[in-house]
Every structure is written in structure tokens, then in C-alpha cells.
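All chains, full assembly: derive it from the sequences and hints.
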Amino acid sequence: MSTENVASTVLLGMGKGSGIDIVKLARDLTDVEKAPRESKLNASIEESESKISGLAVLKYNVQLLIDSFNELNDAAELATPTATTTDAAKVSVIATDGSAASGIYDIGVTTLATAQRNKSNQYSSTTESLNGGSGFTLTVTPGSGSATNIAIAAGNDTPAGVVSAINAAGAGVTAVLLAEDSSGSNYRIMLEGATGASNSFDISSTLADSDLGFHATSNGNSENNSGTQSLQNPGDASLTYNGVSITRSSNVLTDVIPGVTISLNATHTGGASESINVVSDRATLKTKLQDMVALYNDVKFALDELSDPESDEDEVGGSLASDLATIRTVRDTIYKAVTQDSSTPSGNVTAMRDIGVSVDREGALTFNETTYDTIAASNFDDVSTMLSAGTNNQSRYDGQSQGLATDAVIKLETLTDSISGIFVTRTTSAQTAIKRYEADLQTLETRMEAVYERYLQQFTVMESLVNTLNSTRESMATTWENMANFGKK
84 MSTENVASTV LLGMGKGSGI DIVKLARDLT DVEKAPRESK LNASIEESES
134 KISGLAVLKY NVQLLIDSFN ELNDAAELAT PTATTTDAAK VSVIATDGSA
184 ASGIYDIGVT TLATAQRNKS NQYSSTTESL NGGSGFTLTV TPGSGSATNI
234 AIAAGNDTPA GVVSAINAAG AGVTAVLLAE DSSGSNYRIM LEGATGASNS
284 FDISSTLADS DLGFHATSNG NSENNSGTQS LQNPGDASLT YNGVSITRSS
334 NVLTDVIPGV TISLNATHTG GASESINVVS DRATLKTKLQ DMVALYNDVK
384 FALDELSDPE SDEDEVGGSL ASDLATIRTV RDTIYKAVTQ DSSTPSGNVT
434 AMRDIGVSVD REGALTFNET TYDTIAASNF DDVSTMLSAG TNNQSRYDGQ
484 SQGLATDAVI KLETLTDSIS GIFVTRTTSA QTAIKRYEAD LQTLETRMEA
534 VYERYLQQFT VMESLVNTLN STRESMATTW ENMANFGKK
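All you need for the working numbering is the position in the sequence shown, starting with 1, plus 83.
Hints listed in this document are in silico derivations from the structure and should not be mistaken for laboratory results. Please note: incorrect hints may appear among the correct ones.
Below, computed lysine-lysine pairings styled on PhoX-like, alpha-carbon distance capped at 25 Å [stated by the list, open to error]:
id : residue 1 : residue 2
1  : K142      : K518
2  : K142      : K383
3  : K518      : K117
None of these values were measured; they are calculated from a predicted model.
Structure follows, in C-alpha cells:
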């Protein structure tokens with residue numbers, strides 16, 4: 084109700100005597116005074132809440148862009164290699180990561196790596212006592228390194244107990260219990276070490292007249308079925324790699340062709356060999372770059388909509404129109420992240436622009452596939468070095484240059500830092516403003532209640548005065564009427 088309408092109500096009411104609803108009148112006047120101030124404060128709260136939502140949307144998109152750059156900072160993940168061999172029965176291969184260099188490699192296997200194998204005496208059951216129920220000690224002595232003493236506890240002096248103790252000791256020897264016939268009446272403990280000539284071992288025990296048969300040569304002890312118990316001697320694998328003779332202690336090779344695991348399964352004869360073909364698929368990096376470009380443009384779209392007061396995007400459109408400083412900071416940071424020169428340039432590849440990624444006149448990021456395909460086909464190693472410094476599993480703290488991908492991540496994370504980043508500082512500021520506006524609303528409510536009480540008090544006095552005037556008027560009217568009637572008599 085406007086002030087003029089309220090005044091009219093009062094005047095009309097006074098003309099008719101008492102009859103004004105002074106409680107409603109006091110509330111209406113208070114509300115007229117309160118409404119514009121309350122509306123302004125609520126609008127400020129709504130604006131701050133919308134700003135917080137806009138900042139959250141923008142931070143989310145920037146974080147996705149950071150994640151896309153993190154996909155570019157390991158050389159091994161920039162390409163997907165495949166490896167094949169001419170005969171997997173003799174030599175099988177697996178390309179384990181993107182560091183595998185494309186090429187054809189030749190492997191010829193002369194001998195396979197072997198592990199030492201020994202067998203024990205023969206036992207009638209898995210629970211046969213080997214020392215009358217008493218404990219004893221086995222000692223495993225490797226060809227190089229320190230001996231390991233293995234305690235066989237009292238009551239566990241059985242073939243099964245020995246196998247369990249050896250396997251739990253971590254002595255570099257594996258034990259299994261083998262039944263020699265289907266009836267389960269003859270058992271031997273089988274020992275096997277690691278492959279390689281340097282991985283020999285000896286077994287001894289504290290038993291008075293037995294080493295349980297784990298000896299390599301006949302020693303005449305009555306308890307160990309005199310005669311050799313060695314089944315296989317340890318030996319290295321010998322092979323040729325691209326015509327060069329090499330040896331390895333294992334049949335699984337991870338240090339011959341980088342990024343490729345080679346398994347030697349059988350030997351060759353007559354100088355034969357297998358060809359290993361490694362092909363690196365550069366489309367993996369191409370896809371990652373396209374994803375990064377799309378996510379950059381998502382951030383640009385968010386910046387455009389959040390800063391446009393005419394945006395028709397629901398809820399958050401235009402929510403940062405009053406905070407163009409934040410918009411400029413984010414826009415400048417993502418631009419510099421993607422257009423900066425790499426800290427590890429290589430050859431003619433120094434920045435994203437050299438591999439087909441550039442910013443157009445509208446500020447959108449574009450990807451020229453022809454440029455990428457050309458440079459990737461001839462200088463992929465340079466591309467990898469520019470992006471990742473040719474490294475894997477990088478550490479931020481080793482002080483080394485880490486490539487453009489990590490350079491970009493470091494720059495973008497200045498925005499998302501949980502303490503000093505612009506998103507957290509602006510959000511905190513907006514939250515503080517909301518608390519201030521809410522406190523102002525409470526203060527306004529308290530003040531307006533006081534105004535209401537003042538109006539009510541004034542109108543109560545007015546009502547009392549009107550009632551008094553009405554009473555006086557009625558009394559005087561009665562007096563005049565009585566005097567008039569008296570004259571007629």
C-alpha cells in the first residue's frame with residue numbers, strides 16, 4: 084500500500100470516527116518502508132550465490148583441461164605400440180608402453196635360462212617324522228650372497244612342514260611336495276631356485292646323518308639314499324640380438340628392446356632366428372590432442388557465457404558479468420598455457436603450434452590434422468620430447484624441465500590452487516558477502532520491527548484521541564438536544 088493510500092484511509096477513518104485497523108495500518112506502513120531495502124539485500128544474496136555457482140562451473144572445466152594435459156606428460160603414453168613375432172612358440176613379445184620404438188628386430192635363441200632343481204629323499208607320507216618329532220634347522224646357501232637359516236619347529240619335522248617353512252623363509256628357493264605315484268605313498272620335496280648361472284644354491288641341515296637328500300653329488304650318508312639328487316643345473320640364456328651375442332639370467336627380457344617384453348620359449352638350430360616387428364600408433368597422441376582442444380574450447384564457452392549478462396544459459400549465464408577481472412585472469416592463463424614455448428623443445432618442435440594446435444581470431448583453439456600427421460610421421464620423437472621431455476612418471480620436485488604438458492599444468496594449477504587460486508579466493512569472498520547480506524537482513528528485520536512498534540504506538544495514541552473526540556461530540560450533541568427539548572416545554 085502506498086503512503087498516499089494509507090493517508091487517505093486515515094482521513095476517511097477520522098471522518099467516521101474510530102474504525103481504523105491500526106495494527107494492519109502499522110504493518111502496511113512498515114512493509115512499505117522495508118520492502119525496497121529487503122529486496123535489494125535478497126538480490127545481492129542471489130547474485131553472490133549465482134557467482135559461486137559460476138565459479139564452480141568454470142573451475143570444473145579448467146580442471147578437465149588440466150587432466151587433459153596430464154595425459155600428455157608421459158612419453159610412454161603418447162603412442163600405442165604393437166609388437167609381433169614370426170614364431171611365438173619360440174619367441175613371444177608384448178609391447179608394454181609407448182616408449183617402444185618402431186622397427187624390426189632379430190632374435191635367435193641358442194640356450195634357455197635354467198634354474199637349479201633338486202629332489203629330496205623319498206618319503207612314505209606327507210606327515211612322516213624326519214627327526215623323531217624334534218625341531219632342526221635347514222640352511223640355504225646361495226652361490227653368491229648370505230646363507231638363510233630356516234627353523235623347522237618341533238612337531239613340524241615332516242615333508243609338509245619342511246615345504247611350508249622353506250616357502251615362508253624367502254630364501255630364493257621354492258619348495259613343492261610331489262607324489263611320485265597315484266597311490267600317494269611315495270613323496271619327494273622338490274626345490275627350485277631362480278634362473279641364471281649365478282643362482283645356484285646348497286642345502287644343509289643340523290640333522291646328525293642327513294641333509295634330506297638335497298645334495299648334488301653322492302656323499303655316502305645312510306639317510307640320504309646316496310647318489311646325486313640334482314635334477315638340473317642353473318644356467319643363463321644365450322641369444323643373438325640383431326647379430327650381437329648376449330646372455331641374460333632370465334627367459335623374460337625387458338631390457339633389450341625398450342618398451343617391449345620378450346619371452347624366450349624355445350631354442351633355434353642352425354643359426355635360425357625370429358623377427359620382431361614393433362609398430363607405434365601415433366593416433367593415440369592425435370586423439371589426446373583433439374580431446375585437449377575440445378576441453379580448451381569448453382572453458383572458452385564457459386567464460387563467454389558466464390561473462391555475458393544477456394546469456395540465456397540457465398542459472399549461471401552472466402553470473403560473472405560483474406567480475407570481469409576473474410574472466411580476464413582465467414582467459415589469459417589458459418591462453419598462455421597452450422601457446423607458450425616448451426621448456427624442452429626438440430628439433431623444429433618448440434610449441435603446440437608446431438604440431439597443429441593454435442588459437443584462431445575468435446579465441447578458439449583449433450587442430451590442424453595435416454600439420455600433425457606430417458610432423459608425427461617424420462619427427463615423432465621431437466614431438467614427444469617437446470610435450471613430455473621424453474620422460475615418464477615425472478616428479479615436480481626434481482628441478483628438471485618436464486615438457487610443455489607439465490608446464491601447462493603448473494600454470495593452470497595457479498587457478499585451481501586450494502589456498503591461493505582465484506576460484507577459492509573469489510568463492511570465499513562471495514561466501515563472506517552472503518553472510519554480510521544475511522546479517523544486514525537480520526539487522527533490517529530488527530529495525531523494521533522497532534519502526535512497526537513506533538507506528539503502532541502513535542496510532543494507538545491517535546485512536547485514543549479520536550475516541551475522546553467522539554465521546555465529547557456525542558456528549559455535546561446530547562446536551563444541545565436536551566436544551567432544545569427543554570425550551571419546547
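Can you name, in rising order, the numbers of the hints this structure does not satisfy?
-> none
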